[in-house]
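Required output: the full structure, derived from the provided sequences and hints.
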Amino acid sequence: MSQLIISVGREFGSGGRVIAEELAKRFNIPVYDRHLITEIAEKTGLTPEEIERYNENPKPHIIARSVRGFSNSIEDNIAEMQFDIIDQKAKSGESFVVVGRCSETKLKKYPALVSLFVLGDMNEKIKRVMKVYSLSEEEAERLITKKDKKRKRYHNYHCAGHWGDSRLYDLSINSSRLGIDGTVDYLEQYIKARAAAMK
Amino acid sequence: MSAAQVFAVVIFAAMFIMIVLDKIERHYVTLGSGILTLGVVFGICMRNGEAIWNTLALKGFATKDFWYQVTESESKGINWATIIFIAGMMVMVEGMAKAGFFRWLCMKIAFIVKCKTIPVFITFMIMSAVLSMFIDSITVIMFLAAVTVELAQLLHFNPVPMILSEIFCANLGGSATMCGDPPNIIVGTSIGLSFFDFLTNTGLCAAVCLVISVIFLYFAFRKELTSTTGEKVDISKLPKPSEAITNKKDFIISSIIFGCAVILLITHSMTHLTVASIGLFIAAVTLLTSGKDAPGLLKKVDYKTLVFFIGLFIVVGGLEETGILELIAKFIKNISGGNAMLMVAIILWVSAIASAFVDNIPFAATMVPVIESLAETTGVSLHTLAWTLSIGTDIGGSATPIGASANVVGTAVAAKNGYPISWGRYCKKIAPATVIVLAISTGYIFLRYL
Numbered sequence: 000m001s002q003l004i005i006s007v008g009r010e011f012g013s014g015g016r017v018i019a020e021e022l023a024k025r026f027n028i029p030v031y032d033r034h035l036i037t038e039i040a041e042k043t044g045l046t047p048e049e050i051e052r053y054n055e056n057p058k059p060h061i062i063a064r065s066v067r068g069f070s071n072s073i074e075d076n077i078a079e080m081q082f083d084i085i086d087q088k089a090k091s092g093e094s095f096v097v098v099g100r101c102s103e104t105k106l107k108k109y110p111a112l113v114s115l116f117v118l119g120d121m122n123e124k125i126k127r128v129m130k131v132y133s134l135s136e137e138e139a140e141r142l143i144t145k146k147d148k149k150r151k152r153y154h155n156y157h158c159a160g161h162w163g164d165s166r167l168y169d170l171s172i173n174s175s176r177l178g179i180d181g182t183v184d185y186l187e188q189y190i191k192a193r194a195a196a197m198k
Numbered sequence: 000m001s002a003a004q005v006f007a008v009v010i011f012a013a014m015f016i017m018i019v020l021d022k023i024e025r026h027y028v029t030l031g032s033g034i035l036t037l038g039v040v041f042g043i044c045m046r047n048g049e050a051i052w053n054t055l056a057l058k059g060f061a062t063k064d065f066w067y068q069v070t071e072s073e074s075k076g077i078n079w080a081t082i083i084f085i086a087g088m089m090v091m092v093e094g095m096a097k098a099g100f101f102r103w104l105c106m107k108i109a110f111i112v113k114c115k116t117i118p119v120f121i122t123f124m125i126m127s128a129v130l131s132m133f134i135d136s137i138t139v140i141m142f143l144a145a146v147t148v149e150l151a152q153l154l155h156f157n158p159v160p161m162i163l164s165e166i167f168c169a170n171l172g173g174s175a176t177m178c179g180d181p182p183n184i185i186v187g188t189s190i191g192l193s194f195f196d197f198l199t200n201t202g203l204c205a206a207v208c209l210v211i212s213v214i215f216l217y218f219a220f221r222k223e224l225t226s227t228t229g230e231k232v233d234i235s236k237l238p239k240p241s242e243a244i245t246n247k248k249d250f251i252i253s254s255i256i257f258g259c260a261v262i263l264l265i266t267h268s269m270t271h272l273t274v275a276s277i278g279l280f281i282a283a284v285t286l287l288t289s290g291k292d293a294p295g296l297l298k299k300v301d302y303k304t305l306v307f308f309i310g311l312f313i314v315v316g317g318l319e320e321t322g323i324l325e326l327i328a329k330f331i332k333n334i335s336g337g338n339a340m341l342m343v344a345i346i347l348w349v350s351a352i353a354s355a356f357v358d359n360i361p362f363a364a365t366m367v368p369v370i371e372s373l374a375e376t377t378g379v380s381l382h383t384l385a386w387t388l389s390i391g392t393d394i395g396g397s398a399t400p401i402g403a404s405a406n407v408v409g410t411a412v413a414a415k416n417g418y419p420i421s422w423g424r425y426c427k428k429i430a431p432a433t434v435i436v437l438a439i440s441t442g443y444i445f446l447r448y449l
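Line by line, the protein sequences give chains B and H.
Residue 0 is where the first sequence starts when you use numbering that gives the first Met the number 0, and the numbers rise one by one after that.
Residue 0 is where the second sequence starts when you use numbering that gives the first Met the number 0, and the numbers rise one by one after that.
Since the hints were made in silico from the structure, they are not lab data.
A few of these clues could be false.
Simulated pairs of lysine-lysine, DSS-like, Cα-Cα distance not exceeding 30 Å [as the list claims (entries may be wrong)]:
| no. | chain 1 | residue 1 | chain 2 | residue 2 |
| --- | --- | --- | --- | --- |
| 1 | H | Lys222 | B | Lys42 |
| 2 | B | Lys108 | H | Lys299 |
| 3 | B | Lys107 | H | Lys415 |
This is the structure we're talking about:
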């Protein structure tokens, strides 16, 4: 199989990560999400928990400064390390699925890229988050809003395009319409068609 | 307050907030603010074409004093001498970096001390301070931190304490001379001071502080500097200093140009060549000797910083022309009750605290007219206030990871190589070192000048 890179952006609670994992299984390729954190932990000697604190976080403007492309913000440096890792993997010809990390923009130069964005209806996302994290309805809604706000700020800080804007992705899909399995089936067909067109 | 004063303050405050927030690149911020100052403050509110002309300061180029200065003179508005000098140094430093000079120097010194951790730690601190006396601290730290990480990986020690100490000493070394740190160039060219004036005043203070700092940082970090594996390292297996040189001819030429720049700077009070002439001369020689590489060197010049300076000087010019800076000077005079010691302490510590959190360049540029006004109205020597301002802004910048450009670059180089430095990690040892040096500097100024 020639190279295939699947980038999955997602709203919190939309099932985007599960969809990415299922797609990786179906195409028999690795998925990079938390794995990137472990890789950086090995490289830096920090614990994965420490890196998680800074992962996919926008830099705090008041206590961070940039000079000639150098930034003292750990958030910025961890983001750059993740961008470098996925770029190196893409450059090496490896096929993989990557969740978030502005991958739809950072890997745009690779013809093997298929970029997806998974969104969902708020009521469906709340139900899912309540179940997965054992939260009340109110807590789930608050968590979704907080996480999405953070992802949006992180994305829009590192990329020119806006997070979730359909013009940035090859395909945006609402997972509430077909459910997780139905969405995966649909995306599998789409990716196969794209892979065939790439040949 | 008049409309012009209100707009000048609003533009200045908005500019400062935007620089701190770092959402828009700072050169766009200062340039936009500068254009607003020219249009709104001088054009619409003051309807004063002369104020615009004074602030742009273009006629200075045509005067002999701009290039060759026998008597001290002060400058107002855009400080073109600072901009030309910094641009010239950027060209020279690019030439040196391309030839491998900095990497060679770092490796050479590491080999002279046989790559032993503690001697490397001490010599790198001293080298950081000495190089920063002549070259911008960003370049010094960029190379020194990169070599430190490389040595740390080969010799198995934690590079973070060494990088933090190098940053601290770079800022300290920068305070020693007129061209060491941008605030000093601004202070020096604005009030007509020479390289030698700085060396014999702030330089002496920096030398005393360097000795104390090296001792303090050694005791603060000595436990962290031991090899993590305890293995003995065979230095013959390490990369040789000569391998750093990319082109021997370029290396020799760039070393000679650097030597000439140092001599010209040290002797400029005798030769009467201004820093603008020196900057232009060394840039021209570097470009002429670079041949076909000259366009590449010009491309690498950090034009954003130069634009940042231009915009900044216009905004500060707005505050100056509208009399806001005189009001600030009066305020300092009132709260100090005309007491010179209190005035010096206020300027030094307020400059230091402000510089620890905001860019020290706009702060210094704003404070220069303030100290000029203070000296006029209180009789305290302008030179004493100039040394106080320089030391305060230069040293204060060391206290936090965002206080000075060298701190940002040093911590970023460490992070990129897998050694992220948090605010807590940075401030734990470096903030106390900053306070110690500021206390020594306060005592130095009190004893020597008051």
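Here is how each hint holds up against the structure:
Restraint check: the Cα-Cα separation between lysine 222(H) and lysine 42(B) comes to about 23 Å, which is no more than 30 Å; the hinted pair holds. Between lysine 108(B) and lysine 299(H) the CA atoms are separated by roughly 25 Å; this keeps the pair inside 30 Å, and the hint holds. For the suggested pair lysine 107(B) and lysine 415(H), the alpha carbons sit about 23 Å apart, so the restraint of at most 30 Å is met.
Of the numbered hints given earlier, the model fails none.
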